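Chemist: Let's have the full structure, built from the sequences with the hints guiding it.
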Amino acid sequence: MKKLLKKFVYLGATLGLLVSNIGSVGQVFAVDGPYTTVSAVDDSCKVGKNINNEFTDIKIEHKKWNGNVGSYADPSDKNWQPNNYQNIHTFFDGTLKNEDMSLKKGDFFTVQLPQETRFNDLLQQDLARAKDLYATDGSGALVATAHFDPATKMITYIFTDYVESHKDIRIHAEYIETLNQDKLIGNIDYTFTGTYAGMQSSYTYYLDNWRADDVNRFNSVSSEEPVQVVTKLTEVNPITNTFIAVMNVRVSGTGSALMLRYDGDSRVPRSPNSELRIYAVPENEDLVGSFRSYSSTWTDVTDSFTKVEKGNKIEYTTPSNTHTKYVVVSHGNYLPNLGFGIFQTRPIQIKLQELQRLQVLSF
1 MKKLLKKFVY LGATLGLLVS NIGSVGQVFA VDGPYTTVSA VDDSCKVGKN INNEFTDIKI
61 EHKKWNGNVG SYADPSDKNW QPNNYQNIHT FFDGTLKNED MSLKKGDFFT VQLPQETRFN
121 DLLQQDLARA KDLYATDGSG ALVATAHFDP ATKMITYIFT DYVESHKDIR IHAEYIETLN
181 QDKLIGNIDY TFTGTYAGMQ SSYTYYLDNW RADDVNRFNS VSSEEPVQVV TKLTEVNPIT
241 NTFIAVMNVR VSGTGSALML RYDGDSRVPR SPNSELRIYA VPENEDLVGS FRSYSSTWTD
301 VTDSFTKVEK GNKIEYTTPS NTHTKYVVVS HGNYLPNLGF GIFQTRPIQI KLQELQRLQV
361 LSF
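The opening residue of the sequence shown carries number 1 in this note's numbering; numbering runs sequentially from there.
Since the hints were made in silico from the structure, they are not lab data. Model, not experiment: these values are computed from the prediction. Hints are supplied without guarantee of correctness; some may be wrong.
[What the hints assert, rightly or not] Capping the alpha-carbon separation at 30 Å, the derived lysine-lysine pairs in DSSO-like fashion look like this: (1) Lys325 x Lys310; (2) Lys49 x Lys97; (3) Lys307 x Lys325; (4) Lys78 x Lys64; (5) Lys104 x Lys49; (6) Lys104 x Lys59; (7) Lys183 x Lys63; (8) Lys78 x Lys63; (9) Lys64 x Lys183; (10) Lys183 x Lys78; (11) Lys105 x Lys64; (12) Lys97 x Lys167; (13) Lys325 x Lys167; (14) Lys59 x Lys49; (15) Lys78 x Lys59; (16) Lys104 x Lys167; (17) Lys59 x Lys105; (18) Lys59 x Lys97; (19) Lys59 x Lys183; (20) Lys63 x Lys97; (21) Lys325 x Lys313; (22) Lys49 x Lys105; (23) Lys97 x Lys183; (24) Lys325 x Lys183.
[Claimed, not checked] Label pairs and their in silico Cβ distance ranges: (25) Lys78 x Glu99: 27 to 33 Å; (26) Arg217 x Lys307: 34 to 40 Å; (27) Arg217 x Asn273: 28 to 34 Å; (28) Arg217 x Asp137: 19 to 25 Å; (29) Ser76 x Ala151: 32 to 38 Å; (30) Ala73 x Pro269: 33 to 39 Å; (31) Asn216 x Tyr72: 27 to 33 Å; (32) Ile188 x Ala73: 17 to 23 Å; (33) Lys105 x Asn312: 33 to 39 Å.
Ideal Cβ positions, reconstructed from N, Cα and C, are used throughout, including at glycine.
Modeler: Given below as structure tokens:
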């Protein structure tokens, strides 16, 4: 009797947003505001001078946030599970003495975030915005406007005329980052380096992108367990309510029927945006630790699969798989009332069909 072998996939992740309340310490205190603004900056906006080297008392701190328990990790904990309730919070503090009142409207300072991270967690990067800086002296005055460039990962803070009439301005800003899955493969120790008002600062973690049991499962396909998958949510757009998730697929052989299914449900309704892109991966390429959504070494084989829409589901089927490794990128929609906290989806299913429906399994 032939077996019907199925493997179901559940995709889940978190998108945590933190807003901190900072109290006055007797100085003119400028902190990042509770909201972000949509703005852009280019060289023509920087009408003043770069004042990075005028900061004193700079302090930079990096902490790992454990969203599942709602607290920061112990500093000795150097194991980071990106996109799994955990991200890195960076705190920048510095003082502009401005004793000679030389600061002018249009002067600016810069923060260069690490190239291998995503700013504002899983948020689609062209939507990410840095927070403007506001005074906490009771006036609520705008001190500097913040402009994030997603291409360079640089934030430029441009001062208002507030600095022309104040001394001893203390700046406080915070940044939330997660791993840019397309820039760096995990399951390694890695040092991330940023530059904050001209001062470099680094933090090092072991990127536990795949858990040990994920690695073992993925590398242990057999005739009894002919397919294994590892998935992760990698990007969210809260304006269009769309997401991207990446699934790594390992099959124990070639020449058999393979089906991939976009499985929409009440939380993840199917829409015109819903689709799977299927990439064949070279046999000698190791996927362990990776949740990349593209690579120049992969071949897009989506069109070699037959696509059939069935209600809220979309099935992609091939009568004979040509590779043992695939990366499947899921594009879909989620319901906005799920919010930015925790939302779980299950948009992908995968199975090997029984022989009488397609062809003989070779496992």
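Chemist: All hints are to be evaluated individually against the structure, with a verdict given for each.
Modeler: Now the hints, each set against the structure:
| no. | hint | in the structure |
| --- | --- | --- |
| 1 | Lys325 x Lys310 | holds (26 Å) |
| 2 | Lys49 x Lys97 | holds (16 Å) |
| 3 | Lys307 x Lys325 | holds (20 Å) |
| 4 | Lys78 x Lys64 | holds (9 Å) |
| 5 | Lys104 x Lys49 | holds (9 Å) |
| 6 | Lys104 x Lys59 | holds (24 Å) |
| 7 | Lys183 x Lys63 | holds (21 Å) |
| 8 | Lys78 x Lys63 | holds (10 Å) |
| 9 | Lys64 x Lys183 | holds (20 Å) |
| 10 | Lys183 x Lys78 | holds (20 Å) |
| 11 | Lys105 x Lys64 | violated (35 Å) |
| 12 | Lys97 x Lys167 | holds (6 Å) |
| 13 | Lys325 x Lys167 | violated (61 Å) |
| 14 | Lys59 x Lys49 | holds (22 Å) |
| 15 | Lys78 x Lys59 | holds (21 Å) |
| 16 | Lys104 x Lys167 | holds (12 Å) |
| 17 | Lys59 x Lys105 | holds (25 Å) |
| 18 | Lys59 x Lys97 | holds (15 Å) |
| 19 | Lys59 x Lys183 | holds (28 Å) |
| 20 | Lys63 x Lys97 | holds (28 Å) |
| 21 | Lys325 x Lys313 | holds (23 Å) |
| 22 | Lys49 x Lys105 | holds (10 Å) |
| 23 | Lys97 x Lys183 | violated (38 Å) |
| 24 | Lys325 x Lys183 | holds (20 Å) |
| 25 | Lys78 x Glu99: 27 to 33 Å | violated (41 Å) |
| 26 | Arg217 x Lys307: 34 to 40 Å | violated (28 Å) |
| 27 | Arg217 x Asn273: 28 to 34 Å | holds (30 Å) |
| 28 | Arg217 x Asp137: 19 to 25 Å | violated (57 Å) |
| 29 | Ser76 x Ala151: 32 to 38 Å | holds (36 Å) |
| 30 | Ala73 x Pro269: 33 to 39 Å | holds (36 Å) |
| 31 | Asn216 x Tyr72: 27 to 33 Å | holds (30 Å) |
| 32 | Ile188 x Ala73: 17 to 23 Å | holds (19 Å) |
| 33 | Lys105 x Asn312: 33 to 39 Å | violated (55 Å) |
The earlier numbered hints that this structure contradicts are 11, 13, 23, 25, 26, 28, 33.
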